[in-house]
Amino acid sequence: MTQTRDIERLLDTWLGDDGSTLPDRVIDASLAQIDTTPQRRVLIRVPWRIPTFNNHARMALTAVAAVVVVVGGIALLRPGTSSGPGGAPSSAPSTEPSPSVSPSPSTAPSPAPSPVSTSGWLPFSSDRYGYQIRYPPTSTGLGAIETAATMVTPASRDWSLETDKDIESQAAFDRTLAAVDLFVLGPDGSQIYVYAFAASVPPGMSEDEWLTTYYEGRSTVCSQAVEWQPITIDGRTGRLDVNDRCADEQAFVFFDGRVYSFGIGQPNQRALLEAFLSTVRFSQ
Amino acid sequence: MDRDLVEAAQRGDREAFAILARTHGDRLFGIAKRILRDHDRAEDAVQQTLVIAWRELPRLRDPDRFGAWLHRTLINRCYAETARARRLSVVVRELSPAGSVAPDELISVADRDQLERGFRRLPPEQRAILVLRHYLGLEPAEIAETLGIPDGTARSRLHYAHRAMRAALEADARSSAAEGRSA
Numbered sequence: 001m002t003q004t005r006d007i008e009r010l011l012d013t014w015l016g017d018d019g020s021t022l023p024d025r026v027i028d029a030s031l032a033q034i035d036t037t038p039q040r041r042v043l044i045r046v047p048w049r050i051p052t053f054n055n056h057a058r059m060a061l062t063a064v065a066a067v068v069v070v071v072g073g074i075a076l077l078r079p080g081t082s083s084g085p086g087g088a089p090s091s092a093p094s095t096e097p098s099p100s101v102s103p104s105p106s107t108a109p110s111p112a113p114s115p116v117s118t119s120g121w122l123p124f125s126s127d128r129y130g131y132q133i134r135y136p137p138t139s140t141g142l143g144a145i146e147t148a149a150t151m152v153t154p155a156s157r158d159w160s161l162e163t164d165k166d167i168e169s170q171a172a173f174d175r176t177l178a179a180v181d182l183f184v185l186g187p188d189g190s191q192i193y194v195y196a197f198a199a200s201v202p203p204g205m206s207e208d209e210w211l212t213t214y215y216e217g218r219s220t221v222c223s224q225a226v227e228w229q230p231i232t233i234d235g236r237t238g239r240l241d242v243n244d245r246c247a248d249e250q251a252f253v254f255f256d257g258r259v260y261s262f263g264i265g266q267p268n269q270r271a272l273l274e275a276f277l278s279t280v281r282f283s284q
Numbered sequence: 001m002d003r004d005l006v007e008a009a010q011r012g013d014r015e016a017f018a019i020l021a022r023t024h025g026d027r028l029f030g031i032a033k034r035i036l037r038d039h040d041r042a043e044d045a046v047q048q049t050l051v052i053a054w055r056e057l058p059r060l061r062d063p064d065r066f067g068a069w070l071h072r073t074l075i076n077r078c079y080a081e082t083a084r085a086r087r088l089s090v091v092v093r094e095l096s097p098a099g100s101v102a103p104d105e106l107i108s109v110a111d112r113d114q115l116e117r118g119f120r121r122l123p124p125e126q127r128a129i130l131v132l133r134h135y136l137g138l139e140p141a142e143i144a145e146t147l148g149i150p151d152g153t154a155r156s157r158l159h160y161a162h163r164a165m166r167a168a169l170e171a172d173a174r175s176s177a178a179e180g181r182s183a
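Protein chains in written order, with our numbering: chain A, 1 to 284; chain B, 1 to 183.
So that you can see chain B by itself, here it is in the shape it has in the complex (with noise of 0.2 Å):
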């Protein structure tokens, strides 16, 4: 249904591309959220990325990877936003954990306060390719696909980025014990 739909926009039908629009549109906020850790933010690049995707779909040559293709342009638009956000110095309206993520009994509120703080020491591209194995739950090869990079580099990624993750856990957890002792 969506290389239709897809072959039909690129034709310039825009009642087609909106239902692609809003047939992709809740996980493009997903992604976008998870990435950038803010609600509007997740927003603005959405809407950008829809913009674009119009724009630039007649270059888009194989209409069946248009999911991978959309993901991957709002990665793209998660990075800028990102860049943005540090040249502006923005104060970054955070997203709260709570709010974020549907309570689970397997994480504690205080685990997941402290993924968050960890997360956000990620760089953006580390953040990217978490949320594409952990929220997607894309395999590497389909990482890859959507990035735009080898599968072999996609593995090394994921791989750094857990490490990384879990290195800013770790860090996060010395830091809470010692400010636990000096109290």
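Pulled out of the complex, with its shape left as it was, chain A reads as follows (with noise of 0.2 Å):
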């Protein structure tokens, strides 16, 4: 085997198709085990509904454009998708109900404990939605299956209610993605996505109103009733919602007239979405 044989034809040859059988046993026990593995289901909810409690906070929330900081879990949205929680909202009025939203947490805000070391995380500073916050390197030991370089996408642009709330197709799907800062953990099939949002409040809108309203239109799987722990983030009080179906948690804090949300995007991640709450600091 020389040189001027064609090493080409030869890897054409060489590697060629021999046949390969996987055997059956190896899909019978994938098969088994995805029987105990749920779908990684995502969702950047965003108040796309218009409000349907109040005439003049439609007015007011449809008018007031909204500053997002997203930082939690990001799902690939699919469109036309009506069962998964990633499920697109659709344009037509929804018969499905509504979740509901719990009252405010009664108890006293207190921080949970964060088993995950933050030692070595890097600064992260977002003039545009103004707070900093602290990010792994990598995803070493910290949830995904494999390690890569921690991908930090800051936004390009401000989220919008007008321009955002309609993430039915793969390309407005796209231009919400762009509003948000994202941190990606982990490579390709094993990523967490970190994600946040802040949005101004209309003035007169309630907290438990304003997010009455970012709940709706989630579809079925993630109808459930909303329940709320208290929780502090650069010591403002807030709250995390700890039974969402869709597969991520997500906190909001509201202060000054906007509220600021954080959320990750994979199952039982919680400390993790701690650890990243924990490093937070708003610019104001």
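Hints were generated in silico from the structure; no laboratory data involved.
Among the clues, some could well be false.
Computed beta-carbon distance windows for the label pairs [unchecked claim]:
no., chain 1, residue 1, chain 2, residue 2, range
1, A, 21, B, 175, 30 to 40 Å
2, A, 119, B, 108, 52 to 62 Å
3, A, 33, B, 61, 39 to 49 Å
4, A, 206, B, 155, 31 to 41 Å
5, A, 118, B, 174, 16 to 26 Å
6, A, 152, B, 67, 39 to 49 Å
7, A, 141, B, 176, 42 to 52 Å
8, A, 132, B, 61, 23 to 33 Å
Idealized CB from N, CA, C, for every residue including glycine.
Hey, can you piece these two chains together into the complex? The hints should help.
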């Protein structure tokens, strides 16, 4: 075998099809494993529905350009899906029951302990949305199946209700992605998405009303009542959605007429989200 | 057909996913076996890939790209398998060259051995791109789509993989010649 031979022809022959047959037991084992493996269902929940509870609020919410800082889990939404938690919002009025939002947490907020060390995490400053946060430089030991350098994608434009409420199409969803600060831990096939959003709260709208609006339009899968646990972010009282069926965990904090939300796009990653939250510093 | 099955599986239909798994299983195994050069590790990689695919499927935005997406997931698993094997200093059970490739009059047993040795010298990234090209028969643009890299990058990687393979074979030939002289 010399260099004069055609290496490509040799490889064509050598690597060519030999009728590889995967043993049935491998398929069977895989299918048995998926029986206990939940699919990752994540959603950028945007308040895409016009509020139904108050015409004044509807007008106000429509008029106010939302500023959104998203730190949390982001799924790749598919157009036309109605049953998945990532189901796209329908332009037609929904007959599905709206999820309910429980009253504000009554117990005193207390920061949950964070078992995930943030030592060595790198700073990220969002001038656009006015917060600082730290993120792990790699996904090592953080739940991703494989390790890779963390990819940070700052938002390239402000999030706005008017332009981002429709995420039904691929193009619309991609536009929305451009409006969030996004941290992707792990390589393809093993990503943990971390996102956040914050929005100006229309005058006169309470926190519960805002959240009710925000959670409207969720698919049936996600439509159970939201339950909250108090949480503290940079010394400010917030709330954490603790029973999200859509496989992400998301925290909200309201102050100075704005709401900031931080979430994570993978089940059972609350500790990691809380580690992120422990590093948040608001600029104002 | 795949599109309907993929969309059903994205909605949580396990039967649909089972059909997809059986449809694509042999091809996945063929890719993994060629990259990893090990039957058992190839089976492990395919099994892990199918589980990851099930879990991540709702995130696949274009069902028509399921095949490429699945191959990409598998190749990432093969990279991880290779790294894990290195970390654990596993003595890799060699894929028998005679058993892995159908007898072919165009390549002698000695040549296949030499190809095997040369291929093993390549990093997994170069093995993968050669497998995509010469096993799946993908064009550079299709390789780029599968690996999620620009077209030009795919062409460049393919060029360097061929060059590396040629260099590995030449090094092997020189080594064999030196052994012959010293014998």
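Structure-based check of each hint:
no.	hint	result
1	A:21 / B:175: 30 to 40 Å	35 Å, holds
2	A:119 / B:108: 52 to 62 Å	57 Å, holds
3	A:33 / B:61: 39 to 49 Å	25 Å, violated
4	A:206 / B:155: 31 to 41 Å	58 Å, violated
5	A:118 / B:174: 16 to 26 Å	52 Å, violated
6	A:152 / B:67: 39 to 49 Å	30 Å, violated
7	A:141 / B:176: 42 to 52 Å	45 Å, holds
8	A:132 / B:61: 23 to 33 Å	31 Å, holds
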